[in-house]
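With these hints in hand, go ahead and build the complete structure from the sequences.
Listed below, chain by chain, are the residues.
There are 2 protein chains.
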Amino acid sequence: MDLAPARFNTHDCGTCPIRERGVCARCDDRELEALEQIKYYRSYEAGQTLVWSGDQMDFVASVVTGIATLTQTMEDGRRQMVGLLLPSDFVGRPGRACAAYDVTATTDIVMCCFRKKPFEEMMEGTPHLAQRLLEMTLDELDAAREWMLLLGRKTAREKIASLITIIAKRDASAHAAGRGGGVTVDLPLTREAMADYLGLTLETVSRQISALRRDKVIVIEGKRHVTIPDMDRLLEEAGDDADGGIPA
Amino acid sequence: MDLAPARFNTHDCGTCPIRERGVCARCDDRELEALEQIKYYRSYEAGQTLVWSGDQMDFVASVVTGIATLTQTMEDGRRQMVGLLLPSDFVGRPGRACAAYDVTATTDIVMCCFRKKPFEEMMEGTPHLAQRLLEMTLDELDAAREWMLLLGRKTAREKIASLITIIAKRDASAHAAGRGGGVTVDLPLTREAMADYLGLTLETVSRQISALRRDKVIVIEGKRHVTIPDMDRLLEEAGDDADGGIPA
DNA sequence: ATGACGCCTTGACGCAGATCAAAGAGCCGT
DNA sequence: ACGGCTCTTTGATCTGCGTCAAGGCGTCAT
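Heads up: the protein sequence lines correspond to chains A and B, in order. Residue 248, in the UniProt record's numbering, is where the first sequence stops; the numbers in between run on with no holes. Residue 248, in the UniProt record's numbering, is where the second sequence stops; the numbers in between run on with no holes.
Calculated directly from the structure, the hints in this document are not laboratory data. We put the CB at the ideal spot given by N, CA and C, even for glycine. Misleading hints may appear alongside valid ones.
Unchecked claim - Short, incomplete list of chain B residues facing chain A, as computed with Cβ under 8 Å:
| # | residue |
| --- | --- |
| 1 | R78 |
| 2 | A99 |
| 3 | A100 |
| 4 | H128 |
| 5 | A130 |
| 6 | E135 |
| 7 | A144 |
| 8 | R145 |
| 9 | W147 |
| 10 | R153 |
| 11 | T227 |
| 12 | M231 |
| 13 | L235 |
| 14 | E236 |
| 15 | D241 |
Stated by the list, open to error - Listed next, the stretches of chain A that the computed footprint assigns to chain B, with coverage defined by at least 3 CB atoms under 8 Å from CB atoms of chain B:
| # | region |
| --- | --- |
| 16 | 146–152 |
| 17 | 212–221 |
Said to hold, decoys possible - Far from chain B, by Cβ distances over 10 Å, these chain A residues were calculated:
| # | residue |
| --- | --- |
| 18 | A46 |
| 19 | D108 |
| 20 | E124 |
| 21 | L163 |
| 22 | R191 |
What follows is the structure, given as structure tokens:
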């Protein structure tokens with residue numbers, strides 16, 4: 001259970017696995033020292049809800065290791081995931097008292113938390129922090145907008161293919177997988193979580209994954225392990241048309 | 001045709017209609033003066049596309065008057081609107097060379113443009129600018145996520161009711177409409193644009209508007225003019241459950 | 001006035017995905 | 001090795017919305 005977590009030194013930000021990509025990415029040593037004064041780590045187990053929508057939030061945080069989701073729920077129970085939080089992603093919003101979404105751990109997770117008040121004060125005088133947060137927020141906005149296209153206009157099959165594509169892409173950027181052959185990824189989500197992300201039902205998710213397997217677009221071992229024999233084929237199925245070829 | 005536009009002094013930011021809400025909202029007189037050095041106004045007619053996705057963008061801009069839309073298009077023609085730009089909203093992204101979306105004027109529109117390079121340089125040394133832009137971007141991110149719930153989980157009827165609600169809300173905040181009686185709004189979009197926004201077809205939009213009218217949730221005069229006899233009823237139809245009442 | 005054009009409405013029909021239902025597969029604790 | 005759990009797959013049926021098609025209405029140019 002505790003093989004992976006916290007193999008970094010929790011006092012020294014220099015050894016932090018998200019040092020290069022978190023909110024603190026641009027901070028110099030002096031700024032980092034100030035951050036260390038107000039930071040603390042928290043771990044959660046897979047399945048735990050870290051924050052409930054509407055809760056008072058007295059901290060903001062970065063995901064250090066593990067995966068969490070941001071979801072919205074309607075009172076009749078319909079759920080829509082609005083964000084997938086990966087290591088280095090930021091949770092919470094300076095200048096807002098209450099959480100707007102549920103935050104749930106889908107794997108065991110370690111967060112680097114900052115008490116909100118001091119963090120906000122520090123942001124005032126630390127352009128590096130505000131600039132980096134702006135950059136990250138703009139990226140999230142782009143991702144949200146791409147997801148809007150998916151939710152509004154793509155078919156179930158395209159949605160599944162898009163999800164696998166996105167997970168594969170980030171895995172690739174993380175551990176630079178082999179170029180030519182088949183890429184392999186682990187789906188970090190249950191069928192139900194995928195359904196909540198894609199605006200589908202879990203049955204439709206299951207069926208479409210089966211269909212993509214039948215059509216040899218993906219190969220599945222076990223339940224969550226997917227290998228992609230032909231990435232271009234998958235991109236085509238996703239409707240993303242990221243091919244750089246001159247047509248006709 | 002040119003009744004409304006440009007009734008403010010285009011040299012003096014002090015008379016600008018979005019002075020209080022734009023990126024420049026927090027700037028002091030000195031900073032404003034610097035901005036005035038790099039700003040210029042441009043007007044576009046309704047229907048014109050200001051920017052094509054993929055275009056080189058050498059400016060960023062604020063909407064001063066009028067309405068524009070941000071849309072994504074798939075190569076087979078499916079379209080999804082990913083943003084509605086109202087006065088004070090910001091277009092373009094510091095640190096990015098190309099436009100990610102099409103920007104189209106739905107009414108005649110006036111933009112306050114800043115050459116990108118100088119604007120970026122100014123942001124470095126002007127925390128007020130970066131802070132305000134961060135705040136605006138976070139608001140947009142929230143709006144995008146609310147829209148994700150709509151696109152992924154709401155029925156066609158709820159989508160229409162939500163759209164009318166949102167337009168009514170902002171109209172209310174703009175010109176503080178009469179409290180008790182019926183609120184009245186103008187839909188600034190064609191049925192097709194609404195469809196693109198809501199992830200529907202234009203026929204479904206038309207049918208659901210007719211249905212809401214039949215059910216007396218809204219009253220329609222002409223094509224675009226809507227009055228809402230009972231706001232709570234509309235909110236209920238939108239599935240938003242913003243009622244503050246203790247149930248049962 | 002008259003036709004053309006853009007925008008909107010309404011009807012008939014079909015299908016993608018939701019819903020309802022049942023059962024398989026891996027994993028745990030005892 | 002067993003029942004009880006969660007997660008998943010698959011089938012049968014239903015339905016909301018898309019698609020195709022035909023007009024209606026208001027505005028503009030001639």
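For each hint, the structure was consulted:
Given hint, R78 of chain B at the interface with chain A, holds; its Cβ is 4 Å from that chain's nearest Cβ, closer than 8 Å. Given the 8 Å rule on beta carbons, the hint for A99 of chain B is violated: about 12 Å separates it from the nearest Cβ of chain A. Restraint check, A100 of chain B versus chain A: the minimum CB separation of about 6 Å is within 8 Å; hint holds. A least Cβ separation of about 10 Å between H128 of chain B and chain A goes past the 8 Å threshold, and the interface hint is therefore violated.
Hint status for A130 of chain B: holds, given a least beta-carbon distance of 5 Å to chain A, under 8 Å. Look at E135 of chain B: its Cβ gets to within about 7 Å of chain A, closer than 8 Å, so that hint holds up. Against a cut-off of 8 Å between C-beta atoms, the interface hint on A144 of chain B holds, since the closest Cβ of chain A lies about 4 Å away. A least Cβ separation of about 4 Å between R145 of chain B and chain A falls short of the 8 Å threshold, and the interface hint therefore holds.
Interface hint status for W147 of chain B: upheld, as the beta-carbon distance to the closest one in chain A is roughly 6 Å, under 8 Å. A distance limit of 8 Å between C-beta atoms decides the matter here; for R153 of chain B the minimum to chain A is near 4 Å, and the interface restraint holds. Given hint, T227 of chain B at the interface with chain A, is violated; its Cβ is 27 Å from that chain's nearest Cβ, farther than 8 Å. At its closest, the beta carbon of M231 of chain B sits 18 Å from a beta carbon of chain A; the interface hint therefore is violated under the 8 Å criterion.
Hint status for L235 of chain B: violated, given a least beta-carbon distance of 12 Å to chain A, over 8 Å. Hint status for E236 of chain B relative to chain A: violated, with the closest Cβ pair at about 11 Å, above 8 Å. A distance limit of 8 Å between C-beta atoms decides the matter here; for D241 of chain B the minimum to chain A is near 5 Å, and the interface restraint holds. Taking a C-beta to C-beta cut-off of 8 Å, the region 146–152 of chain A contributes 6 residues in contact with chain B, enough for the three needed, and the coverage statement holds.
Coverage of the region 212–221 of chain A by chain B is violated [criterion: at least 3 residues with CB-CB distance below 8 Å; count 0]. At roughly 24 Å, the least C-beta separation between A46 of chain A and chain B is larger than 10 Å, which holds for a residue marked as non-interface. No beta-carbon of chain B comes within 10 Å of the beta-carbon of D108 of chain A; the shortest separation is about 25 Å. Non-interface call for E124 of chain A relative to chain B: violated, since the shortest CB-CB distance, roughly 8 Å, does not exceed 10 Å.
Every Cβ of chain B is farther than 10 Å from the Cβ of L163 of chain A; the closest lies at roughly 13 Å, confirming the non-interface assignment. No Cβ of chain B comes within 10 Å of the Cβ of R191 of chain A; the nearest lies about 16 Å off, and the non-interface call holds.
The structure does not agree with the numbered hints 2, 4, 11, 12, 13, 14, 17 and 20 stated previously, though it agrees with the rest.
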